[in-house]
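Q: Taken in sequence, the protein lines are chains Y and H.
Sequential numbering from 1261 applies to the first sequence in our numbering.
Sequential numbering from 1261 applies to the second sequence in our numbering.
Hints are supplied without guarantee of correctness; some may be wrong.
Which copy is meant is left open, because identical chains are indistinguishable; a pair holds if it fits in one copy or across any two.
To be verified - Pairs of lysine to aspartate or glutamate residues, derived as DMTMM-like cross-links and limited to a Cα-Cα distance of at most 25 Å, are as follows:
#, residue 1, residue 2
1, K1525, D1417
2, K1544, D1417
3, K1283, D1379
4, K1316, D1436
5, K1283, D1355
6, K1266, D1417
7, K1544, D1436
8, K1271, E1439
9, K1544, E1282
10, K1437, E1514
Quick caveat, the hints were computed from the structure, so don't treat them as lab data.
Protein chains: 2
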Amino acid sequence: MSNLPKQVYIKEEGPREGFQIEKAPIATEQKIRLVDALAQTGLDYIQVTSFVHPQKVPGMADAEAVVAGITPREGVRYTGLWLNQRGLERAIATDRLYLEGKLTLYASNAFLKRNQNRDPAQQLAAQPELIAMYQAHGIPVRTGFVTAAFGCNFEGDVPVERVVQLVADMRAIARDKGEDLSLIGLGDTMAWANPERIRQVVGAVQDANPDVALSLGVAHLDAAVAGLGGCPFAAHAGAAGNICTEDFVSMCEEMGIATGIDLEKLIECAVLAEEIVGHPLPGKVKTGGSLAALRARRG
Amino acid sequence: MSNLPKQVYIKEEGPREGFQIEKAPIATEQKIRLVDALAQTGLDYIQVTSFVHPQKVPGMADAEAVVAGITPREGVRYTGLWLNQRGLERAIATDRLYLEGKLTLYASNAFLKRNQNRDPAQQLAAQPELIAMYQAHGIPVRTGFVTAAFGCNFEGDVPVERVVQLVADMRAIARDKGEDLSLIGLGDTMAWANPERIRQVVGAVQDANPDVALSLGVAHLDAAVAGLGGCPFAAHAGAAGNICTEDFVSMCEEMGIATGIDLEKLIECAVLAEEIVGHPLPGKVKTGGSLAALRARRG
């Protein structure tokens, strides 16, 4: 296992990605409470809200209030999600967020049509304008992300070659505009991945892009505290949800992979998240406790 | 990934291991219904009940009635769990079960003391009599199992060397009585394992026993439909539960590893199990459906 990373970098998406799927409204102060608690754990990159249209996702209508309400902690980058120019402008206007430019391409044509009402050519054609928008605001574009890179509920299996081609396309488009996509993310949006498929897809993308870091299978990972969330637009009744931050941190720490995170504090956040949503969340470690705590208790 | 097995062999333990932890009583006819449904899926080895003392585990007091009530399907081996001579005699008396002799050693001395009230020397000393008991009934002893092989809530980390020694001890004891333990199982009884630890422990046991099959990490695996269960004696509030049979089958089939199981029928069993216990069970695929079904739906 010498190819394991020494350290992993976790972007916490629970407050945004997690709360988005909840049916019951979450009070703004509860969201703020969770974000502030997460910032005490050692997590240094937290996506706190989503600047989407309030009619499309009513639960995120308080995006500005959440950002205004948090107590920023030094060394922690707070960010948001936006899907268009208007969303980015709202994020910029808060004047409190860490903003990174990111290109996102859909590997599933059916999911692209459904979510964006675009075909593959239109998808590519829209990227230069997006880069220009970031550049106009002085925001670097370093990340390229491929959605549904391992398969899609609406389209089925996604060919590896298509993922490799999309990464090549997005990198070429970025290069034309003077940007270098040095971090490539591959999203398993609808839980189609398995260890063998990950090996195939990540391997093929790595072979074609030996100079970039890959966000999946290497050292960067998006996760959600307590396993909050799941994509509400992905046609999966009871979507499987996200990688649970504290369970992942527990595994990494047990394997000797540094996370920089205080697992005990993170478990408290997971318990808080469950309290806030008012129903059981899938994370395991929050119930059983960390192995470090069990070791200490018998000492 | 050329070291992946072509086929995995699953022993379904949901009806026994799963129902044992449930607080509410499960009606005998419901247990029978689940076992009969599981037998329709291609699962060919099902542990249907536990012959333990009815005062210790009241929910298993109907063991004989469950065995008498099932409709045996050809090619399916039905078995039970027993922990002593009396339990084995009850299992034999049903005259319907497939019986295998198995030696079980605890790698955690604290858990051994707690569960069996024995020390390590007493544990070893008890094995020859157990083998003799099986031999008296003409039951072969082929499996050796190490409980808490990856760590223990009551004792903490378990040294790899101890696990290797226990396997050597149990094989020597069996050999002295003319039996060959050709299948070695390593149990992660309290969820202490991680991929790196599994590599270390399984690797060390394999190195020391190149002639045996290992039940963990190779091709034999115990699982419970819908993720039923968890050890009620393991001091883990909300124990993490067992490997979920249908989620594991789904992953194997997606990876091209044969299981011989009809996943759609198995998902129906998982839904039934959830209906029977009356609360959510952790399996994921039962909610989202199989990827094969999603592929077919769009076809």
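Q: All the hints need checking, so say for each whether the structure fits it.
A: To see whether the hints hold, each was checked on the structure:
In this assembly of identical chains, K1525 and D1417 lie within 25 Å of each other by CA distance solely across copies; the values are 22 Å between and 39 Å within a copy. Taking the closest pair of Cα atoms, K1544 and D1417 come within 25 Å of each other only across two copies (19 Å); inside a single copy the shortest separation is 30 Å, beyond that limit. Taking the shortest alpha-carbon separations for K1283 and D1379, neither the intra-copy value of 31 Å nor the inter-copy value of 53 Å comes in at or below 25 Å. Proximity of K1316 and D1436 under a CA criterion of 25 Å is satisfied in neither setting, with 34 Å inside one chain copy and 72 Å between copies.
For the identical chains of this complex, K1283 and D1355 are neighbours neither inside a copy (30 Å) nor across copies (53 Å), given an alpha-carbon limit of 25 Å. Proximity of K1266 and D1417 under a CA criterion of 25 Å is satisfied inter-copy only: 22 Å between copies versus 32 Å inside one chain copy. Taking identical chains as interchangeable, the C-alpha atoms of K1544 and D1436 are never at most 25 Å apart, the minima being 46 Å within one chain and 43 Å between chains. Proximity of K1271 and E1439 under a CA criterion of 25 Å is satisfied intra-copy only: 22 Å inside one chain copy versus 54 Å between copies.
In the homo-oligomer, the alpha carbons of K1544 and E1282 lie at most 25 Å apart both inside one protomer (20 Å) and across protomers (18 Å), since each shortest distance falls under that limit. In the homo-oligomer, the alpha carbons of K1437 and E1514 never lie at most 25 Å apart, since the shortest distance is 43 Å inside one protomer and 40 Å across protomers.
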